[in-house]
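Taken in order, these protein sequences are the chains called A and B. Under the numbering used here, the first sequence is numbered contiguously, ending at residue 465. Under the numbering used here, the second sequence is numbered contiguously, ending at residue 1428.
Don't take each hint at face value.
What the hints assert, rightly or not - If you anchor each label on the Cβ, the simulated ranges turn out as follows:
1) A:S2 / B:G1080: 57 to 65 Å
2) A:K174 / B:S1319: 55 to 63 Å
3) A:S2 / B:G1338: 57 to 65 Å
4) B:S1007 / A:L32: 27 to 35 Å
What the hints assert, rightly or not - Quick partial rundown of chain A residues pointing at chain B, CB under 10 Å, derived from the structure:
5) M1
6) N33
7) P112
Bear in mind the hints are in silico, worked out from the structure with no lab data behind them. The model shown is predicted, which means the values in this text are computed figures rather than measured ones. Glycine is no exception: its CB is placed at the ideal position from the N, C-alpha and C atoms.
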Amino acid sequence: MSVRLAVVPLSSCDGCQYNLLNEEFLDLLKGLNVKLVSWPLLGLGDGAETYDIALVEGSVMSSRDLKTLLDARRKSRVLVAMGACALLGGVQAWSSNSISRKLVSEAGFSRPINHYVKVDHYVRGCPVNVGEMIKLLKSLISGDLIYVGSRRFNYVSRDSFKISGSLLEIETSKCVVCGRCVEVCSLIGARALNYVFKGIQTNISTPYQESLESAGCVNCGLCFAYCPVGAVSLKTRTEDLLDKIREGFLRTAYVEPEALASLMESDNLELGQVISAIKQIGFTKVFIYSNLCEAKNSVGGEVLARSPVEFSILSKQVPEHSVYLLTPRIPQDSIYVSQCVSWRNVVNSLTTRELQSLIRELGTEELDSERPDGVVGYGEDIIVVSELKDVRKALSNPEKPFRKIVFEACPGGCLLGGGQSISKYNDLTKVLARRRDMLKKITTGNLVSQDGERSVVNCLTNPTL
Amino acid sequence: MSIKLTSEVVRVAGESEILVSIDGERVKVEYDSLASPRSFESLVTGRKYWEVPYVVSRVCGVCSHAHFWASNLAIESALGIKVDEATSTLRDACNKLQILQNHVIHLGFLVLPDYGYSVGNDKYVSTLLKVNRVVNEALRLLGGRLTNPNVYVPGGFTEDLKQPVIKRVVNLLGSVGNDLRELANIILSIELPELEDPSPEYVSLRNSPSVTVPVEGPYIIDSSKNTYTVYENYREIFVERYLDLSTSKKCLMNGEKVFHTGARARLINYLKGGSGLSSELRYLIARYEPLFKKNPFSNIYAKIIESLLIYENLLQTLSSLDTGKLSRVRPGNSFSGGFGVGVVEAPRGLLIHYYELNPEMRVIKADIITPTVMFSKHIEVSSEALIKGLLASEEGRDESLVKRFVEALVRAYDPCIPCAVHVIKMKR
């Protein structure tokens, strides 16, 4: 099925049509399987009932022009304003200027065609820019046109490229430039992502489209969590891990209480039901495990990093203090379910979001309630802070009423971490409050010791996010 | 026998219609434009002199180089600027390339389908497109753009044109010589309908088409017999008036003669002063000269022969052009007002621009006479003759046949409606 193209002339100098009459354009039409159904200059016309694309040249200056234009709009699926006359009224639209208004009596006023009909696309130039026209037709016919609202030049497609790191990947072709990733990236202090190019070409990228790590990415995964259109994706290994689970290589799951809390919050489940769901995936044993319990081994560490994210941030930001990474000590045949994306590079781990999708695949109805096989708790006198300035404040406090400072870099702490499950609520303050309630339920019911006081300072309540 | 038919002529630049009314022996043909007038004369009124060429080149996207040059010439003559020879030659080359491009597109896309060729015929279309591409590329290199040029202003070129560019244009043009000849063979092999020209008057510049601008001092226009000096008196030579109760204005030579201008007129008039042609061209012109004088349809032959002539001429002039000699003259500070006339040979015939400037160098009066306005009466006259000839024979009384032949005749003239309706309201 060929595409039917019509060229519709109105009041103009015919220059645009003569510019289209060249080898490049006619070859393109042949290559794209386009059939010229109406073009009075070439003696084609009248027969076709409908057109797929109509290129309108010239402005409306008479009732005859208007009739032709309305007819073209009625017949065509896509109507393109070609050249300055159709776009803006052309040089003859000057007749409405104060200089010449008195002189023009017989001639009508020249109006651009979007004064009368809906115009789908605009191609500029006097004469028309044939390169742009070719680009537009190619995009229209191959269907990879990016519509960005009702902007004037809405056919301009942004250059698409991929920014990739060791864990994350950003596809700019999906991006809608909402800017959330840029905001969270600067909030966490990495500042790897920013806006590039101007105007309609604006895009999100690292400087010079480098890899994420070389631009300063700390693999927090917040861009992944906050992206509303899925332009940021995790280079996920869920399938490999699932195979290993099914084949029996990974039998035990060590689940963070924060992960459990957010699962319970987002899917409206009881703790027992979550444990049961995890067992249905293929694990024989499920432990509640928080890597905060590793704090007792942190000899010499002044600040404890909850995950590699905090480790990279602290190493850069407070190099004068020693940082200890709370690496989970779990057996080889087990998997660590965490709210953090960055553990991927260190241990076998699943993010909460991946676990959530696995559980949703299985179905959350008719789940039994099961108890966890064991609990490894906090058990240390620690303070959890979630902003760098609070880390500095705690470090400079001479009295030190607590033994260890744990840093959670994500805004809102680990309960709103980069790998957390997706809540049905948009209001993050509400989500955080609900997850805190869930966390309290887990800790009061199960953890061996609750003497570690969790005081999440400065929760994220940024209204723009 | 009484026939009344109206036909929208397709395959011409712009929208126009031809009205034929036959009542027994009386035949009346009216050729009218359907496009609305765009009043360019009033658009430029009140504007500074340098704005004018950019505006009026948009009168017609088909022959914008001719309008651009004519308006530049008129303003230069008003301001008393005299450009150097190299500038003039280069502008002439741009105009000639435009003529070549117009002829090729007109003959290939618009005329050949009348004589049994279809655009689906691959062999000739690929030749046509190749010539068209090369000429477009050459025009783009010299004139900056294909339509609506912007490379020169009153006084000279704004950019330094480098010698290698000229060399590249010459090389480009050199590559299509055989293709152009092949196209000429196709065009010259078509069989033209018989028609006796009812008004054998041909007006052109004396030295065209070898140079498409008047070279010897005052503007000289050479008709079949007389030589005219066209300056402030241009309106006395080309008179526009209403004729035969028609509502559209027609242009007449000296107020009485219906005349033809364009490729045919140029070639007929050129014979007197032509020299330095190749033997091939001299043979072609000598062979078709009687036909040119006799048959208006032979404008088609004239166009392709003129294309060959221009092609040969362009190669010679461009090869010997030295861009180092290009200079730019700026208008002086003291100017007490005045007027200027610019005459060039556009692809379709004579083009006259007239501007009157006030001491502030703003336009106070503008006037443009385009070739289509000049020969539109000739179209009507020869169409009437054609129909009379057709009606004389038995099989010629078919309505569709009349329509087909009249449309083919209009197309042979190659009227350009955007030019024609720049100000005159041709529609009743």
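Cross-check of the supplied hints:
1. As the Cβ distance of A:S2 to B:G1080 is approximately 59 Å, the hint placing it in 57 to 65 Å holds.
2. A:K174 and B:S1319 have their C-beta atoms about 57 Å apart, which keeps the hinted 55 to 63 Å range intact.
3. Taking 57 to 65 Å as the suggested C-beta distance range, the pair A:S2 and B:G1338 conforms, at roughly 59 Å.
4. Range check, B:S1007 to A:L32: about 33 Å between beta-carbon atoms, so the 27 to 35 Å window is met.
5. At its closest, the beta carbon of A:M1 sits 19 Å from a beta carbon of chain B; the interface hint therefore is violated under the 10 Å criterion.
6. Because the beta carbon of A:N33 sits about 15 Å from the nearest beta carbon in chain B, more than 10 Å, this interface hint is broken.
7. Interface hint at A:P112: violated, since its Cβ lies 15 Å from the closest Cβ of chain B, which is beyond the 10 Å cut-off.
In summary, the structure is inconsistent with hints 5, 6 and 7 from the numbered list given earlier, while agreeing with the others.
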